[in-house]
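> Sequence:
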Amino acid sequence: MTAKTSCTSADAVVKKRASAGKPAAKPAPAGQIAAQKGATKKTAAKQARTGKPTARMVSAKPAGPARTAAARSIAAKAPVLLSGGNPQIAKGEGDAPVQAYIAAMPDWKRALGQRLDALIVEAVPNVHKAVKWNSPLYGIRGQGWFLSFHCFDRYIKLTFFRGASLRPMPPEPSKTAHTRYLHVYENESFDEAQFVAWAKQASRLPGERM
Numbered sequence: 001m002t003a004k005t006s007c008t009s010a011d012a013v014v015k016k017r018a019s020a021g022k023p024a025a026k027p028a029p030a031g032q033i034a035a036q037k038g039a040t041k042k043t044a045a046k047q048a049r050t051g052k053p054t055a056r057m058v059s060a061k062p063a064g065p066a067r068t069a070a071a072r073s074i075a076a077k078a079p080v081l082l083s084g085g086n087p088q089i090a091k092g093e094g095d096a097p098v099q100a101y102i103a104a105m106p107d108w109k110r111a112l113g114q115r116l117d118a119l120i121v122e123a124v125p126n127v128h129k130a131v132k133w134n135s136p137l138y139g140i141r142g143q144g145w146f147l148s149f150h151c152f153d154r155y156i157k158l159t160f161f162r163g164a165s166l167r168p169m170p171p172e173p174s175k176t177a178h179t180r181y182l183h184v185y186e187n188e189s190f191d192e193a194q195f196v197a198w199a200k201q202a203s204r205l206p207g208e209r210m
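For the sequence shown, counting from 1, position 195 maps to 195 in UniProt numbering; every step adds exactly one.
In case anyone wonders, no lab produced these hints; they're calculated from the structure.
From the three backbone atoms N, C-alpha and C, an ideal C-beta is built for every residue, glycine too.
Treat the hints loosely; a few may be bogus.
To be verified - Below, a list of computed lysine-lysine pairs in the PhoX-like style, where the Cα atoms sit at most 20 Å apart: (1) Lys157 / Lys132; (2) Lys175 / Lys200; (3) Lys175 / Lys157; (4) Lys200 / Lys157.
Said to hold, decoys possible - Restraint ranges, calculated between C-beta atoms of paired labels, are given here: (5) Pro206 / Pro106: 17 to 27 Å; (6) Pro125 / Ala96: 17 to 27 Å; (7) Phe190 / Arg167: 18 to 28 Å; (8) Phe152 / Leu119: 25 to 35 Å; (9) Met210 / Ala164: 13 to 23 Å; (10) Pro168 / Pro206: 15 to 25 Å; (11) Ser189 / Asp153: 15 to 25 Å; (12) Leu119 / Pro171: 16 to 26 Å; (13) Trp133 / Asp153: 16 to 26 Å; (14) Asn126 / Asn187: 12 to 22 Å.
Work out the full structure: start from the sequences and follow the hints.
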């Protein structure tokens with residue numbers, strides 16, 4: 001009776017697995033189980049020694065000083081030089097845009113621009129500055145502009161908006177009767193005393209409204 005019951009149970013198991021379409025699972029070999037247990041123990045021991053997970057974690061490194069400086073250098077692009085090497089500077093009031101223009105002047109013109117700016121401030125301490133049409137302007141606040149300069153290939157053009165009223169008159173004529181120019185070339189003597197005298201005279205005349 002017992003043998004018959006065992007056979008019936010075994011037949012039921014076989015039929016159930018056959019209907020599922022799956023072969024009977026085979027137990028893993030004893031050697032494979034031992035190897036898996038050994039690897040697990042080694043991993044746990046390594047984590048205990050180092051305090052770190054065995055999986056390699058990739059984290060983003062902060063940018064070093066060299067990378068940061070390079071990024072700043074790329075971001076701070078040099079101003080565009082227009083025809084004649086004249087810097088392209090955004091329009092603005094005050095000393096800051098004028099200094100940005102002067103800093104962007106190419107070659108020998110930069111040193112001359114710095115000197116011109118210093119002489120104008122010396123001659124007219126209350127001078128008001130601005131950059132318009134890519135040229136620095138000097139004037140008296142509320143009274144208009146009396147002086148400007150602009151870079152060309154071989155020289156810097158100084159513009160006295162009421163130059164015809166100055167004594168002596170600046171040498172270069174203009175299309176407008178009251179404006180006179182002074183051209184300053186590289187390696188050419190520049191009469192600073194005369195320039196300061198012109199700047200003082202010009203600051204006392206009615207300024208150009210722009």
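> State the violated hints by number, sorted upward, taking the hints as numbered earlier in the document.
Those not satisfied are hints 2, 5, 8, 14.
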